[in-house]
Amino acid sequence: HAAPQYSNHRWISERFAEVADKLIAKYKAKIILSGDKKDKRLNDEIISLMQYNAINFAGKTNLKTFFALIKKSDIVVSVDTSAIHIAAAFNKPIVALFGAGDPEIWRPYSRDSAVIYKNEVKCTSCMMHHCDRDLGCMKSIKVEDVLESVDVLIKND
Numbered sequence: 022h023a024a025p026q027y028s029n030h031r032w033i034s035e036r037f038a039e040v041a042d043k044l045i046a047k048y049k050a051k052i053i054l055s056g057d058k059k060d061k062r063l064n065d066e067i068i069s070l071m072q073y074n075a076i077n078f079a080g081k082t083n084l085k086t087f088f089a090l091i092k093k094s095d096i097v098v099s100v101d102t103s104a105i106h107i108a109a110a111f112n113k114p115i116v117a118l119f120g121a122g123d124p125e126i127w128r129p130y131s132r133d134s135a136v137i138y139k140n141e142v143k144c145t146s147c148m149m150h151h152c153d154r155d156l157g158c159m160k161s162i163k164v165e166d167v168l169e170s171v172d173v174l175i176k177n178d
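If you use this note's numbering, the sequence shown corresponds to residues 22 to 178, in order.
No lab work stands behind these hints, which were simulated from the structure alone. It should be emphasised that the depicted structure is a prediction, and the values quoted were computed from it without experimental measurement. There's no promise every hint is true.
[Claimed, not checked] Only pairs whose alpha carbons sit at most 27 Å apart, straight line, appear in this in silico DSS-like list of lysine-lysine:
no.: 1; residue 1: 92; residue 2: 43
no.: 2; residue 1: 93; residue 2: 59
no.: 3; residue 1: 163; residue 2: 51
Given these sequences and hints, build the entire structure.
See below:
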């Protein structure tokens, strides 16, 4: 789930695309990008940057279907949004990317979760809805951080 409610929770599209491609190559993953109608453009952008195919489910689900989609997932990679909490409720492995949100408060409460944030970046966990620092907190999260977390969660599964 790449699409956040607040713009300062957004991770870099090229990095989401790279993570998706590497998960497909390594695990033969099927990538489904979820979201509301307003998230379709962001998901299309990510898919256009990918080498492999993915499905854009933005705007094609109601709440019940969104829950079912997460319940059927093997792993959920998401920015700080409702998807991580729904996945936690279904005991799904989760990689949650945090920037402005405080993971001490908003992290998914699940044993099978990895929370990625860069505490050394001063603006991390600022709790602001609009960024005036060029999203340094989200830019500090690297593709490798996400892939390493996925590997650990998959091996523990």
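Tested hints:
1. 92 x 43: holds (23 Å)
2. 93 x 59: holds (23 Å)
3. 163 x 51: Satisfied, since the Cα-Cα distance of roughly 22 Å is no more than 27 Å.
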